[in-house]
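**Student:** From just these sequences and the hints, can you work out the full model?
Each chain is listed here by its residues.
2 protein chains.
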Amino acid sequence: MGTSLELKINAQRLNDTLQSTCTSWGALVAPSTGMCRLTLSQEDKEVRDWLVAECKSLGCEVKIDQIGNIFAIRQGAVKDAKPIAMGSHMDTQPAGGRYDGILGVQSALEVLRTLHENNITTHYPIALVNWTNEEGARFPGAMMASGVWSTHSSTSLESCWDLQDKEGIRMKQALEDIGYLGETKADYRENGLECHFELHIEQGPLLEREGKSVGIVTSVQGMKWFAVRVEGVEGHAGATQMPSRSDAIVTASRLITAVRDTALKTELGVATVGVIKSDTSSQATISAGFDFIIDVRCTTDDMVDQLVTAIFKAFDNIIAEENNETSYIIQRTWGMPQSIFHPWCIDACRATALKAVGEEQVMDMKSRAGHDTAWTSRACPSSMIFVPSKDGLSHNPNEYTSPEHCALGAQVLLDAVLYYDQKLRSGEYQSG
Amino acid sequence: MGTSLELKINAQRLNDTLQSTCTSWGALVAPSTGMCRLTLSQEDKEVRDWLVAECKSLGCEVKIDQIGNIFAIRQGAVKDAKPIAMGSHMDTQPAGGRYDGILGVQSALEVLRTLHENNITTHYPIALVNWTNEEGARFPGAMMASGVWSTHSSTSLESCWDLQDKEGIRMKQALEDIGYLGETKADYRENGLECHFELHIEQGPLLEREGKSVGIVTSVQGMKWFAVRVEGVEGHAGATQMPSRSDAIVTASRLITAVRDTALKTELGVATVGVIKSDTSSQATISAGFDFIIDVRCTTDDMVDQLVTAIFKAFDNIIAEENNETSYIIQRTWGMPQSIFHPWCIDACRATALKAVGEEQVMDMKSRAGHDTAWTSRACPSSMIFVPSKDGLSHNPNEYTSPEHCALGAQVLLDAVLYYDQKLRSGEYQSG
Chain A
18 MGTSLELKIN AQRLNDTLQS TCTSWGALVA PSTGMCRLTL SQEDKEVRDW
68 LVAECKSLGC EVKIDQIGNI FAIRQGAVKD AKPIAMGSHM DTQPAGGRYD
118 GILGVQSALE VLRTLHENNI TTHYPIALVN WTNEEGARFP GAMMASGVWS
168 THSSTSLESC WDLQDKEGIR MKQALEDIGY LGETKADYRE NGLECHFELH
218 IEQGPLLERE GKSVGIVTSV QGMKWFAVRV EGVEGHAGAT QMPSRSDAIV
268 TASRLITAVR DTALKTELGV ATVGVIKSDT SSQATISAGF DFIIDVRCTT
318 DDMVDQLVTA IFKAFDNIIA EENNETSYII QRTWGMPQSI FHPWCIDACR
368 ATALKAVGEE QVMDMKSRAG HDTAWTSRAC PSSMIFVPSK DGLSHNPNEY
418 TSPEHCALGA QVLLDAVLYY DQKLRSGEYQ SG
Chain B
18 MGTSLELKIN AQRLNDTLQS TCTSWGALVA PSTGMCRLTL SQEDKEVRDW
68 LVAECKSLGC EVKIDQIGNI FAIRQGAVKD AKPIAMGSHM DTQPAGGRYD
118 GILGVQSALE VLRTLHENNI TTHYPIALVN WTNEEGARFP GAMMASGVWS
168 THSSTSLESC WDLQDKEGIR MKQALEDIGY LGETKADYRE NGLECHFELH
218 IEQGPLLERE GKSVGIVTSV QGMKWFAVRV EGVEGHAGAT QMPSRSDAIV
268 TASRLITAVR DTALKTELGV ATVGVIKSDT SSQATISAGF DFIIDVRCTT
318 DDMVDQLVTA IFKAFDNIIA EENNETSYII QRTWGMPQSI FHPWCIDACR
368 ATALKAVGEE QVMDMKSRAG HDTAWTSRAC PSSMIFVPSK DGLSHNPNEY
418 TSPEHCALGA QVLLDAVLYY DQKLRSGEYQ SG
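The listed protein sequences derive, respectively, from chains A and B.
Mapping of the first sequence onto the numbering used here: position 183 corresponds to residue 200, and the numbering continues sequentially without gaps.
Mapping of the second sequence onto the numbering used here: position 66 corresponds to residue 83, and the numbering continues sequentially without gaps.
The hints are simulated quantities; they were obtained by calculation from the structure and are not laboratory data.
Check before you lean on any hint, since a few could be wrong.
Repeated chains share a single entry, so a pair holds when one copy, or any two copies, can fit it.
Claimed, not checked - With a cut-off of at most 30 Å between alpha-carbon atoms, the simulated DSS-like pairs for lysine-lysine come out as follows:
hint, residue 1, residue 2
1, K330, K372
2, K330, K99
3, K73, K383
4, K183, K96
5, K330, K294
6, K189, K73
7, K282, K183
8, K282, K25
Being a predicted model, the structure only gives us computed values, none of them experimental.
**Tutor:** This is the structure we're talking about:
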């Protein structure tokens, strides 16, 4: 076995594979380079089948768990050890890009290919993990399957299985339909990982703005979702005079504006309304009901709670200004506490990144987006590597990260895995 | 033939028929008394088939025109004359009531039944008309088929045929599917009416508030619809910081609020947003696009234009406040100019209403809602009779008009038709 830091990933192969698999499975209509690869869809099945075949061709053992997570494990010298994992996701938003999640899995595959073609025998096993339904775009609840595996999410395996998509298809059925309802327990205590690394695009503008190439992610902000329902009174759009109205759309519009204004003013974090629905779909009817979801994210859980409190206070003021003729109810639907990553993993990423591109190109940062690694960090030492997103865009067909930054991220991922493996071998890091 | 004003409609039969047909075709789940009888649906087909059979059993000739309007004509003494018509509609909003439109058609049937059982021979023919798609709830564009028949609407027969519902079914196909794509020209110049009366519920609170039983409608307010599209930039709900956002949902929310606020402040009329749609349906994505429709109605066309101008000025201010990071475009989709009803028809309704219930119970009024009669008034002398709506509610399952008020309206309708017929016979009114 050579010195690990001399191994080089194949940048051309990484980019070719990433682009060609995106073109084949889930591409939006050209010239858009956007993606619609909803979790457990036909496109997702086909790219999963391809991934499994690729990993097996590299000598990996492949396990599928009860929620469709794919674990492709390349054995090391120590038998029956838990693997050092590289995970991310291959599903996308309905109008997403080619890098969010996909880069992490494709880079993990490139690492496996590099180890394989160089006949490297690591001390510990090395795994690629593809987490199911990170986006939460088809079945509501982001980072769903890593959450189940970590056993720290409030949603159980069974409750996830029972979720329905817009067509009324339950998630368990969708898993069965594409052949990814596996038998491995979706529980880290039965199918554990030694540690978890995730390479991901930043999805924000900071690296680009600071002129850096690699972000060493030390934490993920906390987040909470709330479903809000506004209720008014139906009426005729022509005959009901303005002062007599109880219009759910108007009140909801004011509340949605208040969500944005409160987040902007308090500077506590971000708050977004991304899903809306009105009861009526007729122009001539004043709406009696309106549903929307608020997504709140802040660096700390305390800040999340402060921002949520400020938003609901603003809501109450608006309802009073509307003379209580409309009302609202709130349901807490989902959340993830703040995550602090593990110093061993952070050190592995930082040391190798510094060696690859030097201090000028590397910065520590927090993740503002949720990631599967936020859940794995509750089950094993974990951390993430970020590479720049052009213009900070993500969840957008124009999402872009250059081939050079993708390759750099994959190289740091490879190096961090080998660094961690050597630390385990030397006994400097202890197996969990 | 007896003296017309001594004829009495059968109040019990009217109410029984109205309630039982609503229960049979399109009722929402009990205990709601609401209706969902979308135009050209299976429920609409069945109630149409029933209506045609009833009219034929009374000796009427039935014609169906190219847009599904039903003309059931009871011959009078003058052969080949154009009929005195009583029209309204049997389609409803998705969550509408049992009276809007339905009362007018059921009362017209009750008039025909009363004439038939009393062996009355009128001078002119008397017609019942059921206008297609008054609500515009399935195929967009209210009062659609009376507008086509009047030839004064901006939408042609062919453009209506080409409209699609949410399932992608075109209107012409829907007409064929239920057997109501008739051969009679949908054009008043080829299938004319002598005049047109419509009994309708008020859909507003004025009669109830003033303690009146009958409204004599002298005009219908003008209205215009606009489709608005707001454009922003997609982004990640966690990673895109608040000041960097171009959020279409937030800007649209501000514009929708401004529509209400401008109408309230200017007191020029009413303005409503009843249909909304966001491009994205994922919580974790900032929306890049949002569509909504504005419905503006005022007493005069000038006031409509003033209110529209004020609304768009408010929009421009909001876009500037949002630093032009979002934008909007407007498309004029539909409109109906103000309608002034014909003095002969107004006199016929007023004279018979005063005779029926006395001056204390009758008031002149404007219609704030659009009606088929607004279009017929462009093709022949027309007017309307209103009866009270409980709490002013309409386009709402709780819409309610008492059996006594329904019967009173039907009686005034009968009397107005016979009054007009006698005026034509005496030569005081001239045939158009």
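**Student:** Give a verdict on every hint.
**Tutor:** Evaluated hints:
no.	hint	in the structure
1	K330 <-> K372	neither (50 Å within a copy, 58 Å between copies)
2	K330 <-> K99	neither (48 Å within a copy, 65 Å between copies)
3	K73 <-> K383	neither (35 Å within a copy, 77 Å between copies)
4	K183 <-> K96	neither (45 Å within a copy, 59 Å between copies)
5	K330 <-> K294	both (23 Å within a copy, 27 Å between copies)
6	K189 <-> K73	within (25 Å within a copy, 56 Å between copies)
7	K282 <-> K183	neither (35 Å within a copy, 40 Å between copies)
8	K282 <-> K25	neither (47 Å within a copy, 69 Å between copies)
Checked against the numbered hints above, the structure breaks hints 1, 2, 3, 4, 7 and 8 and satisfies the rest.
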